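Here the structure of chain E is known, so what remains is to put chain C in place on it, guided by the hints.
The chain contents come next:
2 protein chains.
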Amino acid sequence: MHISELETPAVVVDLDVMDHNLARMAAYCREHKLLLRPHTKSHKIPELAQRQIASGAMGITVAKLGEAEVMLKAGITDILIAYPIVGDEKTTRLARLAEQSNISVALDSEEAARGISAAATRQGSTIGVLVEMDVGFRRCGLGNENDLLGLAKVITDLPGLEFKGLMFFPGHLTVGPEQRAVLRAQVNEFLDRSLETFARAGLPLAIVSGGSTPTAYESSLFHGVNEVRPGMYIFNDRTTAGIQAASLSDCALSVVVTVVSTAVAGHAIVDGGSKTFSSDRYQAEDGVGFGLVKEDHAAVIERLSEEHGILNVAHSERRHHVGDRLSIIPNHVCTTLNMHDEVYGVRGEQVETVWRVAGRGKVR
Amino acid sequence: MHISELETPAVVVDLDVMDHNLARMAAYCREHKLLLRPHTKSHKIPELAQRQIASGAMGITVAKLGEAEVMLKAGITDILIAYPIVGDEKTTRLARLAEQSNISVALDSEEAARGISAAATRQGSTIGVLVEMDVGFRRCGLGNENDLLGLAKVITDLPGLEFKGLMFFPGHLTVGPEQRAVLRAQVNEFLDRSLETFARAGLPLAIVSGGSTPTAYESSLFHGVNEVRPGMYIFNDRTTAGIQAASLSDCALSVVVTVVSTAVAGHAIVDGGSKTFSSDRYQAEDGVGFGLVKEDHAAVIERLSEEHGILNVAHSERRHHVGDRLSIIPNHVCTTLNMHDEVYGVRGEQVETVWRVAGRGKVR
Numbered sequence: 001m002h003i004s005e006l007e008t009p010a011v012v013v014d015l016d017v018m019d020h021n022l023a024r025m026a027a028y029c030r031e032h033k034l035l036l037r038p039h040t041k042s043h044k045i046p047e048l049a050q051r052q053i054a055s056g057a058m059g060i061t062v063a064k065l066g067e068a069e070v071m072l073k074a075g076i077t078d079i080l081i082a083y084p085i086v087g088d089e090k091t092t093r094l095a096r097l098a099e100q101s102n103i104s105v106a107l108d109s110e111e112a113a114r115g116i117s118a119a120a121t122r123q124g125s126t127i128g129v130l131v132e133m134d135v136g137f138r139r140c141g142l143g144n145e146n147d148l149l150g151l152a153k154v155i156t157d158l159p160g161l162e163f164k165g166l167m168f169f170p171g172h173l174t175v176g177p178e179q180r181a182v183l184r185a186q187v188n189e190f191l192d193r194s195l196e197t198f199a200r201a202g203l204p205l206a207i208v209s210g211g212s213t214p215t216a217y218e219s220s221l222f223h224g225v226n227e228v229r230p231g232m233y234i235f236n237d238r239t240t241a242g243i244q245a246a247s248l249s250d251c252a253l254s255v256v257v258t259v260v261s262t263a264v265a266g267h268a269i270v271d272g273g274s275k276t277f278s279s280d281r282y283q284a285e286d287g288v289g290f291g292l293v294k295e296d297h298a299a300v301i302e303r304l305s306e307e308h309g310i311l312n313v314a315h316s317e318r319r320h321h322v323g324d325r326l327s328i329i330p331n332h333v334c335t336t337l338n339m340h341d342e343v344y345g346v347r348g349e350q351v352e353t354v355w356r357v358a359g360r361g362k363v364r
Numbered sequence: 365m366h367i368s369e370l371e372t373p374a375v376v377v378d379l380d381v382m383d384h385n386l387a388r389m390a391a392y393c394r395e396h397k398l399l400l401r402p403h404t405k406s407h408k409i410p411e412l413a414q415r416q417i418a419s420g421a422m423g424i425t426v427a428k429l430g431e432a433e434v435m436l437k438a439g440i441t442d443i444l445i446a447y448p449i450v451g452d453e454k455t456t457r458l459a460r461l462a463e464q465s466n467i468s469v470a471l472d473s474e475e476a477a478r479g480i481s482a483a484a485t486r487q488g489s490t491i492g493v494l495v496e497m498d499v500g501f502r503r504c505g506l507g508n509e510n511d512l513l514g515l516a517k518v519i520t521d522l523p524g525l526e527f528k529g530l531m532f533f534p535g536h537l538t539v540g541p542e543q544r545a546v547l548r549a550q551v552n553e554f555l556d557r558s559l560e561t562f563a564r565a566g567l568p569l570a571i572v573s574g575g576s577t578p579t580a581y582e583s584s585l586f587h588g589v590n591e592v593r594p595g596m597y598i599f600n601d602r603t604t605a606g607i608q609a610a611s612l613s614d615c616a617l618s619v620v621v622t623v624v625s626t627a628v629a630g631h632a633i634v635d636g637g638s639k640t641f642s643s644d645r646y647q648a649e650d651g652v653g654f655g656l657v658k659e660d661h662a663a664v665i666e667r668l669s670e671e672h673g674i675l676n677v678a679h680s681e682r683r684h685h686v687g688d689r690l691s692i693i694p695n696h697v698c699t700t701l702n703m704h705d706e707v708y709g710v711r712g713e714q715v716e717t718v719w720r721v722a723g724r725g726k727v728r
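If you're matching them up, the sequences are chains E and C in order.
The opening position of the first sequence corresponds to residue 1 in the working numbering, with each subsequent residue numbered one higher.
The opening position of the second sequence corresponds to residue 365 in the working numbering, with each subsequent residue numbered one higher.
Next up, chain E with everything else stripped away, as it sits in the complex (with noise of 0.2 angstroms):
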């Protein structure tokens, strides 16, 4: 099938760009020494966490129980759920898929430890437990070296547990280059005081795991990481291209849509709107734009409905018309998987493959 018979709108990847970006990334951890632990939550498509894993990666992340159901289901076994898994209901799933897989979580609280050991020696399961660091997000994890140690010492007390270190989500790095420089430096303090006391303790730190893709390959900057987890490599993004964690070129996923109205002078009218991209805002430069026309820069995406993207053409060499058909770079790719139950490979102009966006709507 050719690409200009996919009815619209339709996400798509680039296969070869894809796996440009999964080879690169699995070299760069096999040349530092790290261990790669991808964030499924960019694609939710086992198939595509399969590849990963056959590129390199020792077993993948993801956020929900849902998740991680489908992925084992898939016959993944090696799953961090960098989520505090909070609730009853919850923690007995959480046990029982530890009964058939390798499983660990995130948390930062001696209640999440609490309900999870508990479930655990009910169902006599073992689940791997990292603490969670506030390295400046300000979001989950705690934010000095003490409450990490003794966090750490009421873990590997409690039965069904096993403490094996601490994890962060520099989520505040998603920023240019020299920022970035700038904010690693402070998490490098925090990431120091920590190893040291933990050292101190005598209480070992199997696993230190870090960043994203926004940090990615400065990841063996970060002072005793080991792990880390990018999700959006696999395709990346505007905002990654933004913030020079990628190039244009390395953007891999796409939405192929079609211009549906040109009746209000200056603007261009497509079938797709925050339905189809999510409403997240572009993260770098001028912030400005829901998207990248890639047919046409000057093309600015400025606002969307829920099923129509409204773009600004007036500084367009191009002159749009009612069904012509554009590529679109999405602002988070992560939140425009999520809106789609398929997702076609394409190799050239031919699609190879379709795939089910099996994790999609896992939200428990």
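Everything labelled a hint here was simulated from the structure, so no lab data went into it.
It cannot be assumed that every hint is accurate.
[To be verified] Think about it this way: if two alpha-carbon atoms lie no more than 27 angstroms apart in a straight line, the pair counts; the simulated DSSO-like pairs of lysine-lysine are:
no., chain 1, residue 1, chain 2, residue 2
1, C, K726, E, K362
2, E, K294, C, K726
3, E, K362, C, K437
4, E, K362, E, K73
5, C, K437, C, K726
Everything numeric in this text was worked out from a predicted model, so none of it was measured.
For chain C alone, kept in the frame of chain E given last:
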């Protein structure tokens, strides 16, 4: 099942509030002799479309062909696709739908009209057409009465099409009551000119299809409008309440979440983020926050990660603990619901029913 037994995040609908919302809109439309054609994009649930029809709607509106197909399968046969249908595959699907249903579309170009006419002619079906006016939202639609008449004449002459009238979407009236009144006067000037132009040309307008939830209870003040297409009114949301088009007690839908972390001082993290609520901003007042915490109005949902809602609780009287459950009214109910596969209908604190969001993901 008690509501507290639902795993989180869970989208719940208060059935008493929803029933009240349905009855109130139906009564308003009856009183003002307006045809009620609710936009089902807000829920995408056939059972709810059926309830809307049972309570007085004469048909439904959808945004996508795929949504129309889902609704037709559920036995709903009077459908307006308020969206230009462009492309051979889509016009063929449309013409097939028209064999089994009373289907109309809205469009604003001769290209779209000719494509649909060709498919209808091939298929031997007839498709109703509304010509879309741009009353100021600057998305789709023709902006002057002569262009409207010109396109209407083309449609009248094309085989397989039946010109039905005009449609507009006053999206720029998602503002407070005073501003709505000012903008409505401008819309009415354009309506007056258009009605006069069509009357003079002797081209009857069987339908003049107007606004959405923000203007729904002001519909009788729009000149010539005899049909309305509100969507959100079935549930309402934080923005609808913020622009005083509903009250908070009219908000039927909320998302039950669990606090999973309180490690960062002054903050509480819940297990729903942009993949639960969407990233849609608050379109009223100061625009701050990604939802309203029913149990704690002083909490500000400062930002959303994909699976984390970051609550600033510095000004809360309530103390938040890991494991606590909260109910959040989303900024925008349409995009929130679109993230989920099922929705729970509750009466008091009992879960009475579960609906599958059968139209979700029908992006084409």
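Comparing the hints with the structure gives:
1. With a C-alpha separation of about 18 angstroms, the suggested pair K726/C and K362/E falls inside the 27 angstroms cut-off, and the hint holds.
2. The suggested pairing of K294/E with K726/C holds, with an alpha-carbon distance near 25 angstroms, which does not exceed 27 angstroms.
3. For the hint linking K362/E to K437/C, the alpha-carbon distance of about 26 angstroms falls within 27 angstroms, and the restraint holds.
4. Between K362/E and K73/E the alpha-carbon distance is near 14 angstroms, which keeps this suggested pair within the 27 angstroms criterion.
5. At roughly 14 angstroms between alpha-carbon atoms, K437/C and K726/C fall within 27 angstroms of each other, so this suggested pair holds.
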